[in-house]
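Student: Residue strings, one per chain:
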Amino acid sequence: EAGVAQSPRYKIIEKRQSVAFWCNPISGHATLYWYQQILGQGPKLLIQFQNNGVVDDSQLPKDRFSAERLKGVDSTLKIQPAKLEDSAVYLCASSLFGTSGGETQYFGPGTRLLVL
Amino acid sequence: SQKIEQNSEALNIQEGKTATLTCNYTNYSPAYLQWYRQDPGRGPVFLLLIRENEKEKRKERLKVTFDTTLKQSLFHITASQPADSATYLCALDKTGYGQNFVFGPGTRLSVLP
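Protein chains in written order, with the working numbering: chain R, 1 to 116; chain S, 1001 to 1113.
It is worth saying that the hints were derived from the structure and are not from the lab. Errors might be hidden in some of the hints.
Stated by the list, open to error - Quick list of in silico lysine to any residue cross-link-like pairs, SDA-like style, CA-CA up to 25 Å:
#1 1071(S) / 41(R)
#2 1003(S) / 100(R)
#3 1094(S) / 102(R)
#4 1063(S) / 104(R)
#5 1094(S) / 1056(S)
#6 44(R) / 1100(S)
#7 1055(S) / 1082(S)
Claimed, not checked - Here are the in silico distance ranges between beta carbons for each label pair:
#8 2(R) / 1026(S): 36 to 46 Å
#9 1068(S) / 71(R): 19 to 29 Å
#10 70(R) / 1012(S): 40 to 50 Å
Treat the numbers as computed from the prediction; the structure is a model and nothing was measured. Ideal placement from N, C-alpha and C gives every residue a C-beta, glycine not left out.
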């Protein structure tokens, strides 16, 4: 079974530029999560999709971050414009249903973003 | 305010000893608590899950306890090996139905040969 795929793996941009990350979850998984992990901290949930609907985006800085999950499969996360404090690893995860705190989340390798 | 904390940023232990990692939370009432392992440059990997009505859960050399009165989970690795060196994260679901997961800051474990 293929795992969660993310691209690119690394990205370096200047502040005020825009950037997009792509995630392909495990086939058949209904729920997709985007997390931001700053160095030395635990992952912070940005947005959670169930199929192609948003179920939680309470911690997404909506003035600069946007995300979509077309057709309930792949997802993209965009930052526009980027700030220095957006430097972090962006992790995508998926789970089969996402309706219980007892479900396992499967994480991708992450995209490491450096904003200069 | 709601918080989830892990006992220390880093823990060094000798090979063969038992490592004990602590996860404390305040102002949550989770039905589940999960533990993940994260290696440098990789995403977290699920290890164990414990339910609120379970006191203890075991998997090979791993053991997790959950005390809802103390609002604490302990994660033990027995007979630790250098290959166990990694960051260990605890996580809980704030809502009880799979939304709004919160992760602790992690404990970086180093097992010295």
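Student: For a C-alpha distance cap of 25 Å, please report whether residue 1094(S) and residue 1056(S) respect it.
Tutor: With a Cα-Cα distance of about 21 Å, the restraint between residue 1094(S) and residue 1056(S) holds, given a limit of 25 Å.
Student: Can the restraint linking residue 1094(S) and residue 102(R) be considered satisfied, given a maximum Cα separation of 25 Å?
Tutor: Roughly 12 Å between the alpha carbons, so the hint for residue 1094(S) and residue 102(R) holds.
Student: Between residue 70(R) and residue 1012(S), does the beta-carbon spacing fit 40 to 50 Å?
Tutor: holds, 47 Å
Student: Taking 19 to 29 Å as the hint, is the beta-carbon distance of residue 1068(S) and residue 71(R) inside that range?
Tutor: Given about 40 Å between the Cβ atoms, the range is violated.
Student: Between residue 1003(S) and residue 100(R), is the straight-line Cα distance small enough, at 25 Å or below?
Tutor: holds, 20 Å
Student: Quickly compare the C-alpha distance for residue 1055(S) and residue 1082(S) to 25 Å and report which way the hint goes.
Tutor: violated, 28 Å
Student: Decide if the proposed pair is consistent with the structure: residue 1071(S) and residue 41(R), CA atoms, cutoff 25 Å inclusive.
Tutor: holds, 21 Å
Student: Would the hint linking residue 44(R) and residue 1100(S) be met if the CA-CA limit is 25 Å?
Tutor: The given pair, whose Cα atoms are some 10 Å apart, holds under the 25 Å limit.
Student: Given the hinted pair residue 1063(S) and residue 104(R), is their alpha-carbon gap at most 25 Å?
Tutor: holds, 17 Å
Student: Could one say that the CB atoms of residue 2(R) and residue 1026(S) fall in the range 36 to 46 Å?
Tutor: The hint (36 to 46 Å, Cβ to Cβ) holds, given that residue 2(R) and residue 1026(S) are roughly 39 Å apart.
Hints 7 and 9, counting from the list given before, are not met by this structure.
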